Every structure is written in C-alpha cells, then in structure tokens.
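Chains as they are written, first to last, in the working numbering: chain X, 795 to 1174; chain S, 795 to 1174; chain R, 795 to 1174.
Just so you know, these hints were derived from the structure itself, not from any lab.
Treat the hints with care, since some could be wrong.
Copies of one chain are not kept apart here, so a pair can be met inside one copy or by any two copies together.
[Claimed, not checked] Cross-link-like lysine-lysine pairs, in silico, BS3-like; alpha carbons within 30 Å at most:
id	residue 1	residue 2
1	LYS1146	LYS820
2	LYS815	LYS929
3	LYS953	LYS815
4	LYS953	LYS929
Please read these numbers as outputs of a predicted model, since none were measured by experiment.
The residues making up each chain are set out below.
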Amino acid sequence: MHRQGKRAFRRTEQIPSAGAKSLPQKYFISQEVFAREQAEIFSKQWLLVGHQSQIPDAGDYIVQQVIGESLIVIRDKSEEIRGFFNVCRHRGTRLKEDACGHASAIQCPYHAWTYGLDGRLIGAPHMDEVPGFDKAEYSLHAVNLALWEGFIFVNLVPKRDGWLSLEEWFAPLNGKFSHWNMSILQPAKRIEYDVRANWKLMFENYSECYHCPGVHPQLQKVSPYDSAENDLREGPFLGGFMKINPGKSLTVSGNACAAFVGEIENLQRVFYYSIFPNMLLSLHPEYVMVHQLWPQSPERTLIVCDWLFHPDAFTRKDFKPEDAIEFWDMTNKQDWHVCELSQQGIASRAYKPGPYSSRESIPAAWDRYYLRSMEREARS
Amino acid sequence: MHRQGKRAFRRTEQIPSAGAKSLPQKYFISQEVFAREQAEIFSKQWLLVGHQSQIPDAGDYIVQQVIGESLIVIRDKSEEIRGFFNVCRHRGTRLKEDACGHASAIQCPYHAWTYGLDGRLIGAPHMDEVPGFDKAEYSLHAVNLALWEGFIFVNLVPKRDGWLSLEEWFAPLNGKFSHWNMSILQPAKRIEYDVRANWKLMFENYSECYHCPGVHPQLQKVSPYDSAENDLREGPFLGGFMKINPGKSLTVSGNACAAFVGEIENLQRVFYYSIFPNMLLSLHPEYVMVHQLWPQSPERTLIVCDWLFHPDAFTRKDFKPEDAIEFWDMTNKQDWHVCELSQQGIASRAYKPGPYSSRESIPAAWDRYYLRSMEREARS
Amino acid sequence: MHRQGKRAFRRTEQIPSAGAKSLPQKYFISQEVFAREQAEIFSKQWLLVGHQSQIPDAGDYIVQQVIGESLIVIRDKSEEIRGFFNVCRHRGTRLKEDACGHASAIQCPYHAWTYGLDGRLIGAPHMDEVPGFDKAEYSLHAVNLALWEGFIFVNLVPKRDGWLSLEEWFAPLNGKFSHWNMSILQPAKRIEYDVRANWKLMFENYSECYHCPGVHPQLQKVSPYDSAENDLREGPFLGGFMKINPGKSLTVSGNACAAFVGEIENLQRVFYYSIFPNMLLSLHPEYVMVHQLWPQSPERTLIVCDWLFHPDAFTRKDFKPEDAIEFWDMTNKQDWHVCELSQQGIASRAYKPGPYSSRESIPAAWDRYYLRSMEREARS
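Extracted from the complex, chain X is given alone in its bound form (with noise of 0.2 Å):
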C-alpha cells in the first residue's frame, strides 16, 4: 500500500536502490514462471492459511484451498490443530464442501467412510469383507501445520534434510511483536478480494508510500507517506513503520476505535511487515490486520483481508471496528486497483523494466529475495 520511503525519511541509513529496476515481464505473465512458482515457492514454503481463533473447540475446522488444493484445518479432541488434504481414501471423494463447520468425525458424503479428527480411518463399510483390507492404511493424507503467535501456516512438503520448521522459519523475529499479543487476539471481519494482478504487485505496493500521495488522499491525512523508517531491509521479513499523525489513528473518523491490543509504547507508530510469501501483517495500537495472498494464475490472485482484536475490546462501548474495516476496505481497494492497472500495462510489448526511485527500496529488497527464492529451490 504505501509504507516504504518509510527509510527514506532517515537518509543516512538509505539502501541505495542503485540502478534496480522492476521485473521484467515475465514474472508477471507467463504460465511456465507462475507453475515454477507454485512448484518452488508455494508448494515448499509456509503458508498463511488462518489465525487459531477461527477454530476455539475441538471438531471446529476450516476448508482452505492452498495452491489448487482443498485442506481440512480441524482441531482435534486433545484441542491440537491439524490439517488433512479434503480427499477420501476411497474413490477419492472431497469430504467437507462447506468454508468452514463443526465436526465430530470427518465422514465421506459420498460411500460414508469415517474418519476420526486426528485422521484415522473409523469406519469403512463392507470393507471387512475384502482380503487384506486393513483401515490403518487409509489414514487421511496429512499436511504439516504449526502456529506461530497464533496464526496457522501449513507446509506441503514432508519433512526431510534441511527442512526449516516454522519456529526456525521465524526465530529471527522471536518476540518482536510480543505487545501486540497476537495470539489472543479475535476475528471481526474478514473480507475477500479477487484481484486480476500478479500477486508480486501486491508485494511491491505494499513495500512503499511513494505512490500514496495520489491513490490514498485519505491515508495521506493521517500517517505522512515520507515517514517510514524501515528495520527489516532484506530477507524474507521485510518493513518497518510508519508515523501516524499525533492523537489520529487508520479509521475512517480518524479516532482509535478499540481498546489497544496490549501495552502499546508509542502510539504514533503503524508497523507493516512483509512476510514471505503469502502474508502482509499490519500492527496498529488497537488492531492488527492481515492479508492472505493467493495467487490463482499469473493474472489473478485472491486476498483475504482479516481484522483482529483485543478480546476484551468486544465488549467495551468505544469498540467501533468497522471504522478501521471501512477505511482499510477502501484504501485496499485504491491499492488493488492500481495494481490491476500496472498487471495490464505490463503486459504490454512497450513494458521494459523501468528504474525503481529512491523510495522504492524495499520493493527492490522484495524481488530479489524472491529472484533468490526461485534460484534457489530450482536448484534445490
């Protein structure tokens, strides 16, 4: 959205930009680039899919689709989350048709095996009668799934020799966000986008403000697009913050509309951090926001937008989420549609990669940990 220059403001910690240019164009078009990235990336990396919050009792799940592929997210009856690949052991058959239920087994709509919610096959029937047939070799196909600070990432690739786990994936932010106590943290909303952009220009737009003079006029009232001051500046964590303009807050009124979501130390400070490669985090003293990115072909991609809150602002009177929802709604909206404007020029025989400007660095930082990203696990 905006939220680079942010190190531009201190110009002697400068990144020089030197020459870095976007993307050429097929990174943003072609097929063969986006299955290398789905292959490499998304198949391989972890993966944003949700926040334990969705999912408080045991038998609640959520059905998410990762790269083509339908999950069951479902916590278990020792309250453990776990993720399923959402196909019967039999002929096949996707389990759970619904976004998100309760469960107390897991049973195919279709021949009516059961499954256990840990994933054991319970219940075949008639299958007693075929030689040799034993249920404890038709387990559901488990997917690895680990939280940290309470949101859930799952992972598609089985464990193995220099396979990261997410708490080695991100030791290197390990208590950087403990005030923002993001694991107790509860839902209000959430709102899906179906953007026709490559997902890497959501990245780029989300790793600088030098375009928020002209696409936010509302933003630009609040938090000043040359105030960043960025900590993360290579690598898969990216950003830093941004200042927000005395006693204002991100809403549409202007005003903090929540109870803070913990011991907030400076209150004139909105943070945005990228992490690779499917989630934007966004910490304001009273709420936190995530995007979700989901790439659905070189052109497409969808983005799942969640607010969440202090528990304990739910029930006070100045709750007033939907004056952040509403101001976030529509300056995501100014975001994806430029977006949209740069997929369709880019796609064009003129493009050529053109020169990155000084506030432009974080985005440059981005694409080559993703360029890195890609020779890498090709090479792997």
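Since the structure of chain X is provided, determine the placement of chains S and R on it from the hints.
Quick look at chains S and R alone, frame taken from chain X:
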C-alpha cells in the same frame, strides 16, 4: 446410481473384486486421455443419440451434438432415418440451427444451396455457370446410423474390415428386453444435466448401490441397496436387477405411475444396464429411463435423460409420469453431486487409487472394459 | 455483406473464379494461423483505428485496443495526432483507463509520473535523487500514425528499409474518393459487434452479394443483388459499385436520410471497398459507413461500425441518420449471423473447401491476397 452390490446378494455368485482399485488420476483429469477417448472410443463406437419416436414423420429431424460435431438426424421420404453432418458443401455453413424441427428439404441459410432429405444436392444457384461443377459430387456427408429396439445410434467411422454393425454389436442382448416393447415407447420428458465431473464417474456411480444408503434416502425406502443380482458381469454391457419392495414403485408417491410397458413377468424388479460407451438403460415395469452421456471435457459431461412410456399409457387416467420423473430427477441430482465431489478430490495431488469394496465389482468390471477399449483402439 | 457477383453483371469483364475454392479449415480455427496473422499481418500493416473528427481539439484522445495492445491516440498542442503505448515508463502501469477523454498532460495514476501530449516525460517525483536518471530517456513509446482521407491509421513496426508509408500504401487510390469529402465528415453513430466468427469470413461475406436474396430481403428491394460492377479486382483494395434503384436510398424508409456528402455524380450507385486488412468502406450518396475489424481469436472478431455525414447535414431538417443506421444495423446483423453459422460448420471434420460460384470472384481474390500476405510476411 445404485444397483450394484447387486451380486453381493448371492454370495456364491460373487465375483471378487480381488484387489481392484479405482482408476489412476490421469483418467479423470488429463486432456490427453480425454482426446484419446474422443478419438479412439467416441469416434469409433456406436453412440446413442435418441429414440425413433422423436421424429415420427418424414421430414422430422433432430440436431445432435456428437463429440464436437453437429449431426442432422432426419426421417426421409421413404421413412428411413438418416444422419448427415450439419455442414453445407459450398462454404461449410451450419445448415440447421434449431434442436429439432420439420423440413421438406434442407436449405443452407447462406447462399440457398438445397439438399433433399436423402442428402442429395438438388439446388445450387449460379453453379451451372461454373465449368465442371457436378451436383452429384456435393451430397451432404453422411454418417452411419442404425436402430436397436427403437433407439437411434450413430457411428462416425466409415465401414471397413472389422467394423461391427449395430446388429452385430447388440447380438449378445438379442431378445433380452423384448418384454419392454422399447421400439414403440413414446417420450414423456427429457431433462439435460450439465455435470462437472468426468463421464466415467457417472458410469462407475451407476454401477453400484454401495453409495445408496447415504446418498439416496428416498430410493432406499422402495429398493434395498443390497438386493442387486447382476447377470452381465464383464464386457460392454453390465448390470442386472434390484428388488422393488412389494407393491411399491420408483416414484415420489411410491405407487405405479402408468400402465405397464409390456407383459412384465416380475413387478418387483428394476433392471439397470450400462451400455458402453454412452448409454444407461433403466427398465421399470411402467417406464423406461435412458441416459445419454456426452463428455465435454475431462471435467464436464452433458447428460440427457429421457423417460419413455407405452403409447397406450398416455391416454389413461392413471398416467402420472411426473411421479417417476421427479423421483429420478431428484435421484439423478443426488448422484451427479457426489460425482462432482469425486471429480474435485481426484484432482488432488493426494489422490491415489483406492480399494473397491466387495459391493463394487461392476464398477471394477466397467473400468476393465474401458481400459481394454483404450488399449485395443490404440493398437488397431 | 453483399455487392459481389458485381462483376457478373458484365459478362465480358467477368474474372473467372476458375476452380477457386473456399480456404482450408485451418485458416479459420487454428490458433497457430491466428498467431501468425497477428504477428505477420496485424503487427506489420497499417490499421484503421478511427477518424480525426473523434478528437477535434488539442488534448482530445481515444484509447484503442490493437492486437492486444492499448494505444493512446491523442491530438497534441500543435494539433498533430500522435499515438503512444498506454504504458508508463516507470513500472508499466496503464495510463488511461477510459475509452476517450481530454487531458492537458498524461499522468500515471500510480506514482504520478507525468508526460506531455507529445509523449515527453515532464514530471517524475523523487527521481532526481536517483543518480544518472535522465527524463529524456523515458518518453512514452510512440507508434507510427498517419492520416488518409481523415481516417487515422497506426502501424506497430518501426520504420525500416522497405517500410511503406501510409501515403505510399494508399497511392493507388489517390483522388479516387475525393467526391465524398471523407476528411471533413462527422460521426453520427458507432455500433460495436462481438461476432463469433473468424475475421476473414466477414471480408468474404462483404465481397459478394450471392447471399443477398436469402439473407437481406430488405436490401434486395433497393439494390439488386446482381447489379455489381467491380473496378478493383486483385490486391489489397477490392470492390466497386452496386446499383441503387432510382429514387431509392439504403435506409429503412427507402428515402435519402441526409444532405449529400459531396458532389456525387451518380446517385444510383453505392460503392463497397475492402481495404486490407481491417477496413470496410461503404460510400453512399449521403453517408459513409466504415467498419473496423479486430480479430480477437480464431473464432471471434470485434467489429466497430461508424456512420459519417457531412457537417452541414447535421443542422438540416431532413437529417435522419437513424434511417440509415437502423437499416445497416439490421443488415450487419444478418451478415454476422451467417458468418457465425459458417464458423460453426467449418470447424467440423466434415468440412472441405467448397467451390466458389461465378458470383464469388472477389472473395476468391481476397483469399488470394491474404494467402500472398501470409507467405510474403513469412518470407521477409
């Protein structure tokens, strides 16, 4: 839909499915397999396209889509039914746009070239000015067409060595269905279904009733899922009968909905046969239901379902065809839905062929015949 | 639409179509042929995109889609019309979204880079902080643009040896249409048609009136189908005139609908010319109709139809443009419909090229020029 497990009723007769598993993924999602099926099966086998009662009079015609081709099936002046490609010999224009109609001749809407009902070019304005032009060389392209028990079948390959006439193809079923008087039945209703599943899933679904308890609660009440007895267990024709509870009928009300179609020996039996590669034949005491299956893509099938009754039934007071039609429309949709769920799950990277139960020997037999067809055709 | 057979009128002049047949199937359905046409014909030839009357004032612009590219056609401050790729030089963003408008400068909606009407970059915030950045290197990418008789044409190839200017291309038609005053005409109406047929079918259709008796009963009443006389019979420009019955006009009422466009010698003639590869030019005594053809895929074409009148006509009492527009909208749709039927039939395995009649010598000539263009371009 149901109607297998059929043979499970008499344990001694049971054909073991001994390790049989559902087909590998590629058979349900591969564009290449689909193209091979279209070229090697649907372009070479006899295909059901309708019933002669649809075009009773000379000049009556239907337009039928067959593997991407539009065919005119028309009754000529000598009452013979003929099939032609719906393509003008001048500049290729589609001749007939409507799904059915009546014509005294076939005239092209573009430049008015005119063909007799037997396909001969009988009028071509100004073509006499073209040196060497001979009308006799520009008859409509014909397709092989023949009748079996009143049903119209077409075959797109030219006659050649080893080519089976429709009579030869159906020889094994000679006289088997004479009680049902199929050649004189009259249509009461047609319903078309656009199903988002591979065509083979509907054949497999039709071939077993293992799924009936969960999927078809209404059917369960009038016909026990485990009552099947199959007499055709290998080859292109598969099936047998299931029991109907005494005094019941497969209708919404549970009562018979029309006069019987013939001298039916046993009113407590409904017969279900699949006829390779595109016909499902369901024989009830008082009506015949027939499905045409038309694969559109690996993931999509058009299904055309007709209900036929005895001509005398239409004028009687006890004629309530909608009682059967609504019953089966509901049951059809229950089936298509689970087939669509199977299509979704089978497309997953987690899908592996799963074990057929003892009540799925007919789907296993259907799969075997299908695989032999693909091999045989590929060799020839 | 019609208007061939034209030459059949004077038998002595008749160009025999001597065994000519319609084009083979691949030219109408092959994605590969389509790609070659786009690359070798539409990317290299002069293409009609509009008429100068659409952008009368400095700053007026239209946005035109040309073979997948979006172009800005704009009148600059010196009144010259220029064409630019609609792509920002910074990060490739689409600059103009609307189909037409007025602007004093071209500003990118993303990061506010700003270009003059002549394409020069005149504003780029913060880019002065980037070492070595030079605005002069980041003008908009221009396309060749020129006018013929007031019509705007673009050409996407850079000038090079053997490149034909628009003036050179149209030299054979020099002065031929001066009576119609085309450069000063004013548009009264535009209608766009989304036609599900290959673009060549519309050229072939426009080039003969053999189809008129059956397809255009209304046109038949005012202009005999066999009255054509063609003066351009080979090459990129093809056509001639057809007779208008005395006192009649090609309008719904049959009467003239406006003041004449110029000093028309013979009011009983309507001239029809096809201009390779995307223009159909129809010259009536009181109006000029012009079609742009834009192939979208092998099976789909966007057709843009404009009706132009003399500027003086608009203020007169006898000005009834809808009388001509409705007549041709009806006639257009009759033509597109039979073209769509041809597309359907030609896609059949039964289609083979069929014989052109003696009244289809101009379609045959158009096919010849088309085939030579494909060869010539492929060679060069």
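Verification of the supplied hints:
Proximity of LYS1146 to LYS820 under the C-alpha cut-off of 30 Å is restricted to the intra-copy arrangement: shortest distance 11 Å within a copy versus 34 Å between copies. Proximity of LYS815 to LYS929 under the C-alpha cut-off of 30 Å is restricted to the inter-copy arrangement: shortest distance 15 Å between copies versus 56 Å within a copy. Proximity of LYS953 and LYS815 under a CA criterion of 30 Å is satisfied inter-copy only: 29 Å between copies versus 37 Å inside one chain copy. Proximity of LYS953 and LYS929 under a CA criterion of 30 Å is satisfied intra-copy only: 24 Å inside one chain copy versus 52 Å between copies.
Checked against the numbered hints given earlier, the structure satisfies every one of them.
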